[in-house]
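Chemist: With the hints as constraints, model all of the structure from the sequences given.
There are 2 protein chains.
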Amino acid sequence: MKNTYPALQKQIPKIISKHVYGNLYKINLSLLTDLQFLTKMVVESARLGNLHIVELATKKFSDVNGIPGGVSIIAILEESHIALHTWPESGYATLDIYSCGQESDPEASFKYIVSELDPKKQKVWYADRSNK
Amino acid sequence: MKNTYPALQKQIPKIISKHVYGNLYKINLSLLTDLQFLTKMVVESARLGNLHIVELATKKFSDVNGIPGGVSIIAILEESHIALHTWPESGYATLDIYSCGQESDPEASFKYIVSELDPKKQKVWYADRSNK
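From first to last, the protein sequence lines are chains A and B. Under numbering that gives the first Met the number 0, the residues of the first sequence are numbered 0 to 131, in order. Under numbering that gives the first Met the number 0, the residues of the second sequence are numbered 0 to 131, in order.
Hint data in this document are derived by calculation from the structure and do not stem from the laboratory. All the given hints hold, so there is nothing to weed out.
It does not matter which identical chain is used: a pair holds within one copy or between any two.
Restricting the straight-line Cα-Cα distance to at most 27 Å, the calculated cross-link-like pairs of lysine-lysine (DSSO-like) are: (1) Lys-110 - Lys-59; (2) Lys-25 - Lys-13; (3) Lys-131 - Lys-25; (4) Lys-58 - Lys-13; (5) Lys-39 - Lys-59; (6) Lys-39 - Lys-110.
Modeler: If you want it as structure tokens, here you go:
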């Protein structure tokens, strides 16, 4: 790699990135179709994790055969992103909270969303997205 | 969980979701600041993986001390999402391609982006986001 920035020629800056993600099962169906509730929840989760939203994209999918469509909410953060997807027909949602920097607390954001959705079962993983 | 949709009372529909994600190192710095190039690349990667973009959010971060800021691109897909973050100062990027359904090929999307960015090193993981 040719490094064209003189200040960086001696070393590559370290990026500290933490990614918490989970599969959330057996959630009350009515919560998973409520775009307004879910969007407010994502915004509040960012605040609690000291994450800063710079762009927010949302999508409410259409109903199919009388079954309400799910919701996708993605926030670009100064620190990376939050992604929530819901499948009301299955009482299911997935959540990704990915942050860089040492001053954020993605687990606090994650725990808040879990407390709001109250899944009866969950699987949670952690990924190291640092450049080490 | 109280299931309020009669058609679903007998069983919970299966969601098949695949999430491919990676850390990409030692990328040519000039590529990592080029929002137009990277956006076009993400759109093409979706096409190749049979993924369908419904919302696209992008952010070009400000320069700091003469070092160009990175880029974040997030696509909400009918099938879930693509998320790309770049750190030009470190020649580093991370990529998440997360799709549901059996007709998409997130690995094809992932491989295309890797071929375009040409990192000299990469780490790749797979996560099962299905509701099994």
